[in-house]
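Trainee: Assemble the complex: chain F is given as a structure, and chains L, G and B must be docked to it using the hints.
There are 4 protein chains.
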Amino acid sequence: MAPPEDLPQMTYRFLGRSGLQVSAISLGGWLTYGGYTENEKTFECMKAAFDSGVNFFDCAEVYSGGKSEVVMGQAIKKYGWKRNDLVISTKLYWGTAFGDNPVNNKGLSRKHIIEGMAASLKRLDLDYVDVIYAHRPDRQTPMEETVRAFNHLINTGQALYWGTSMWDADEIAQAWRYADKLGLIGPIVEQPQYNMLNREKVELEFAKLYREVGTGLTVFSPLAQGLLSGKYKNGIPEDSRFAQQKVEFIQGWWKRNGKEKFDEMIAQINQLEPIAADLGITQSALALAWVLKNPNVSSAIIGASSAEQIYENVKAVAAVEKLTPEILEKIDGILNNKPPAVVERY
Amino acid sequence: MAPPEDLPQMTYRFLGRSGLQVSAISLGGWLTYGGYTENEKTFECMKAAFDSGVNFFDCAEVYSGGKSEVVMGQAIKKYGWKRNDLVISTKLYWGTAFGDNPVNNKGLSRKHIIEGMAASLKRLDLDYVDVIYAHRPDRQTPMEETVRAFNHLINTGQALYWGTSMWDADEIAQAWRYADKLGLIGPIVEQPQYNMLNREKVELEFAKLYREVGTGLTVFSPLAQGLLSGKYKNGIPEDSRFAQQKVEFIQGWWKRNGKEKFDEMIAQINQLEPIAADLGITQSALALAWVLKNPNVSSAIIGASSAEQIYENVKAVAAVEKLTPEILEKIDGILNNKPPAVVERY
Amino acid sequence: MAPPEDLPQMTYRFLGRSGLQVSAISLGGWLTYGGYTENEKTFECMKAAFDSGVNFFDCAEVYSGGKSEVVMGQAIKKYGWKRNDLVISTKLYWGTAFGDNPVNNKGLSRKHIIEGMAASLKRLDLDYVDVIYAHRPDRQTPMEETVRAFNHLINTGQALYWGTSMWDADEIAQAWRYADKLGLIGPIVEQPQYNMLNREKVELEFAKLYREVGTGLTVFSPLAQGLLSGKYKNGIPEDSRFAQQKVEFIQGWWKRNGKEKFDEMIAQINQLEPIAADLGITQSALALAWVLKNPNVSSAIIGASSAEQIYENVKAVAAVEKLTPEILEKIDGILNNKPPAVVERY
Amino acid sequence: MAPPEDLPQMTYRFLGRSGLQVSAISLGGWLTYGGYTENEKTFECMKAAFDSGVNFFDCAEVYSGGKSEVVMGQAIKKYGWKRNDLVISTKLYWGTAFGDNPVNNKGLSRKHIIEGMAASLKRLDLDYVDVIYAHRPDRQTPMEETVRAFNHLINTGQALYWGTSMWDADEIAQAWRYADKLGLIGPIVEQPQYNMLNREKVELEFAKLYREVGTGLTVFSPLAQGLLSGKYKNGIPEDSRFAQQKVEFIQGWWKRNGKEKFDEMIAQINQLEPIAADLGITQSALALAWVLKNPNVSSAIIGASSAEQIYENVKAVAAVEKLTPEILEKIDGILNNKPPAVVERY
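Order-wise, the sequence lines are chains F, L, G and B.
Here the first sequence is numbered in this note's numbering, starting from 1 and rising by one per residue.
Here the second sequence is numbered in this note's numbering, starting from 347 and rising by one per residue.
Here the third sequence is numbered in this note's numbering, starting from 693 and rising by one per residue.
Here the fourth sequence is numbered in this note's numbering, starting from 1039 and rising by one per residue.
For the record, the hints were derived by calculation from the structure and aren't laboratory data.
Mixed in with the good hints there might be a few duds.
20 Å max Cα-Cα, derived SDA-like pairs, lysine to any residue [unchecked claim]:
1) L:Lys428 - F:Glu312
2) L:Lys527 - B:Tyr1216
3) L:Lys684 - L:Asn544
Between beta-carbon pairs, the in silico distance windows are [what the hints assert, rightly or not]:
4) G:Phe790 - F:Lys255: 55 to 61 Å
5) G:Thr848 - L:Lys423: 29 to 35 Å
6) B:Leu1317 - L:Tyr556: 57 to 63 Å
7) F:Lys255 - L:Pro349: 35 to 41 Å
8) G:Lys814 - B:Tyr1074: 44 to 50 Å
The beta carbon of each residue, even a glycine, is placed where N, CA and C say it ideally should be.
With the rest of the complex left out, here is chain F:
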């Protein structure tokens, strides 16, 4: 399926304080590729993304027990894309997760980082990735060991840059502290969750990192597992054919916060509908554009099971400039979760 004619021009952003450029929208393999999406569909999605100007494909050793890397690697070969036109990332921490012995096949020890990278590159059938992430912080392995091991991957040409995912701000600062002390390369990017409903980490906790070490962000769940698309405005249907795993996320939310809070949240999201309508865009596009409006976001990672979904999401790129200060203020009023500004001086 060819890209629609009204597809906007993709925009590219530097990945934090680095010279690497990534498309504002990137495609991730979480849950979908190698998982509940069949391989033919995966190929179709990756092609639609590439044809839309997406150059950044995100994976992890743990996604679908390693199968996500395999199928994404196959797509690259299948379409004969040039390696230098792509930005490929994967993540180490969980091992291949399903069935493997967790001892030494998990975490950020030098052993798992080196063994995990070799295994990921073999699955991807690539010589190197552009960005290798620490998928979680490992609070039992000394930070110095982890920083050294990621630099080993860079020095041996297996990765060009490294980053973190789901780390706390002080952990990122510690990693930079060791990198600086030892003359090594620090993590250029963090991958947190970021969307209209989850703002504190990106807008408050990380605020000083952007200035001090130039952390870039590739954010996941920009649509909050679909909640912000508006498709649950009448609640979650009982017999939804919707992917079981996503429902599980929402059920987890229920368990933690209660159904009542959930319904309040849905009501709040529904108030965003008229704003999207006024701008002539879908609620998804509004949510995605809102994420991209944050200049610290280098790329918003979307998941997709069809080319249509990808084209739909890419349209959000054109909506970014529509988000005027007035509209952003109106959205803040509805969301009522804007973190306080970090006071710099007293």
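Mentor: Coordinates of chains L, G and B only, in the frame set by chain F:
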């Protein structure tokens, strides 16, 4: 021979201040593998250990003139174990020891470290070891040369970590001094002898290292060459079929300390018998559990010539929690060799 | 075509504060090789240069979309020159420029430096270049990333030295600042334009760099696109068969400065004719010798489409010593563009 | 020819402040191997040396235009010696010297060090040398470039250590200054001329280096081109079949110092004859033992064209202990060239 049903769950510990996890019980090739144990028995032992959750196998270039590395490498291939599920260590210092020209084939020069590592990996038929040890201190080679050479092995991917064996505390501190000065990786682990009869090095001399540089310990002879198993409670039988080399160790002890002292020691060990009986464990299990009770011990290295011995020893893991402060105090009273506490402040 | 009998001995100069020696005249592939010069002519030119003592051949990934590297590499193979007798340089920044996606295939990110180097070496069919240049400054990529990436090329044996082209003095100083801070290798050479008409950058702006970091210069356009050869003394002929691209340069000049200024410049250049005649050399030789008279110039890069042109230019080497202080002063009087001396103390 | 029965046990010394051990007598390829000694004789000499306990073989890229490396490499293969039992050194500076273009094939630039090392290893047919020397100081290449390039050889596994030859003390100190500043490895050894007639460099100029940086010495011409063997006690025979090149050395001496001075020197040397006779050793053995008596000398490099010569020289090892303080004082009285002691404090 399959593991017995009552085999306890293996526990894993971090190897000092590193992210590498080793089984509390590890299997060493000293004297046995490639030596007086035939290869089929070696394979059986390694399989029994692996099936018991042992992930850490210890070797040295000098063990049986290099044959220990060969047979342990064969076992890994034979059973198709995944490399990432194993922690393999070997040690450099003595060369292959039997018949080789000692000039430059011994010690911790850059030459022997680099040439010895290549030879060990070839014998093991592996691409890398997890831990490479300096088997002894080399007081003639400058420490800086040794620290640089072990880092060379790590940088070239032939080893993931390095450690020391039979070094003095101040030598370990000197190695760290050069590592720090040059931004290199220091030794994460020391391998000393440690058991109820030999406590001073581990409990007194190394006390400050644990805090300052996070030295982990893999200890050998946890049963003091079998003395602590209680099997010599009536003395050493004249025509013992017991491995000749072990007897030689004990004879050496006699020469240094005299038969009278030896008999005193046996009497002392015999007093531990009722404590083991009260806990419902063997004397060996008591001795091994006592070693593992020390939180600075990452792993106790056992030697074994049969699967039964391995299962027997692994049972000690479950006995560790039985060693209450009261029981430990009672044992200290019998051993009468508890080193003084290191006074931290005056 | 064999070198003429009166060809002077080539001279060699150190490339800035390095131990690498380059011929005073070097041959560049810009516009010509792989471009408007046919390959047989390129081979002939390179042979004439080599036979004249030229050891330095300059290229760039962008020259003729990569074809310049291909044909220059073919010449090296064709004539069986020994690699150690050659100094080969290429430049990274623009990608292969014609038709390639500019995202990540341009600039001085770690990604493009590593991917671009591999692609250049493949086109050149060489294992390494002697000098790899940053073809332009990249003001969006952090300088530290760029300095580290060029050092990665040196550490992995793909290049022996690195340099810059068309950088400002403060950018070169910044690169050295990061190199010094991190214990890395700084850029030894800058490649600017330098000729009688363009003096400020080399004679004023860079003045302190020569002393502080020892920057060497390989200069391009020593004849100012042919203007200084005197062949346009009567203006640019309307139907010139002269290479279209060079005319475009001059037309660009017109657009920026106006035809009147251009005619003034031609009149000024014409005043150099009698000086050349007095010395018994061509106007080209005078202009080239004048560039080489500057001791900070390591090599003047010429372009040529025939062996004759090369021999003609090489003759300038013998003219350098003819440029006495008196003659240089006379030339300064005509050019009227001598930058002020950098005052060192007040 | 098998070693004589009275051949003394070879002794080994550490190469300066390093962990590398070299035989007190080493065999060099200068002038002889690949040169005026035929290859079969070279093999015989190397075997005799090896059988005598010599483990250190010294070469240089320039010796016999590279042929010395070739034939010494062939001997190693021919006799199947184990690489770890040998200490092989070669030297870079002069290129292969005979007929090669000197531009960039000479000196201590990064280019020549890297290209020269590759060429030497190819000629030697080895993966690495133990020691790579800078054969002369290069006063035109920045010292930092040279220090970095030799470390590059070590980091890439092509050499284990590096040293200098014919450098001044302050140049060695400068090399260490850059090594220290950059955290790199400094030169562990210097190769100067040292014999009874040339003492100043080793005994005076280098005196502080031994203490400060631990410089070891491998010395050449311990017999002063044969002068100290006593075989010219009646002057140089006119029609000597003695190797032409050695005569040229002596002729050079004549030119610089005059025949009269030469005859004085011969007379002085003749006074050593009775001392040797008293000790029951040859004059050569006395001269060689005298060199080895200096504890800063790690090895004395001899040249030899026959197995007999080697066995003869090796005997000097046993003579070292015969040189009592009294005898040394008597020798000093004859030589009358003992440098003043370096005054340490005032």
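Trainee: Could you work out which earlier hints the structure fails to respect and list their numbers in ascending sequence?
Mentor: Structure breaks hint 1 only.
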